[in-house]
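Engineer: Okay, so the sequence shown: first residue is 579 according to our numbering, each after it adds one.
Read the hints as simulated data drawn from the structure, not as lab findings.
Incorrect hints may have been included.
[Unchecked claim] Just the calculated beta-carbon pair ranges, DEER-fashion:
{"hint": "1", "residue 1": "G690", "residue 2": "S597", "range": "36 to 42 Å"}
{"hint": "2", "residue 1": "A580", "residue 2": "A671", "range": "25 to 31 Å"}
{"hint": "3", "residue 1": "P668", "residue 2": "R595", "range": "35 to 41 Å"}
{"hint": "4", "residue 1": "A625", "residue 2": "D704", "range": "35 to 41 Å"}
Heads up, the beta-carbon is just placed ideally off N, CA and C, and yes, glycines get one too.
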Amino acid sequence: MAYVLLGVVGGAELLGRVSGARVVALGQGMGLLPDVRGAVSDGELGAWSAAGAVARVEAEFFGGVGEQWATVWEGGAVVLGPLHAPEGEPLPAEGSPISRALRRLGVIAAAGEDEFATVGLGRCRDTEDWLD
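Required output: the full structure, derived from the provided sequences and hints.
Structural biologist: Structure, rendered in structure tokens:
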């Protein structure tokens, strides 16, 4: 089964201020702005981050094998990343790129889960599904 995600994660209230954005509520006050077409630019992320940290997150998996990427912007600049977990390589002790980005945004992992699972990013299997 495939899993594909491309989007921006940040405080739900912050992302809700983005004109025309369809923000999906996640756990711990986070929101996901699904970026189906990959249209959100680094410049936009930098501008949005002036009001609070935001992260571009991307994952592509099939049958448990795949890759993840994440970058966090805060105060108009990149403060973490870009992080990449290539296919076939073990994750570092700090965790996956997306979990590390979520941690930087203030997410605290629940017992027995990582930050990715804690906020509910496994709820949908494809970026477009978040918009349904």
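Engineer: None of the hints should be skipped; say for each whether it holds.
Structural biologist: Now the hints, each set against the structure:
1. G690 / S597: 36 to 42 Å: Between G690 and S597, where Cβ atoms are some 39 Å apart, the hint holds.
2. A580 / A671: 25 to 31 Å: 27 Å, holds
3. P668 / R595: 35 to 41 Å: About 39 Å separates the Cβ atoms of P668 and R595, which means 35 to 41 Å holds.
4. A625 / D704: 35 to 41 Å: Check failed, 28 Å falls outside 35 to 41 Å.
Comparing the model with each numbered hint stated earlier shows that hint 4 is the single one that does not hold.
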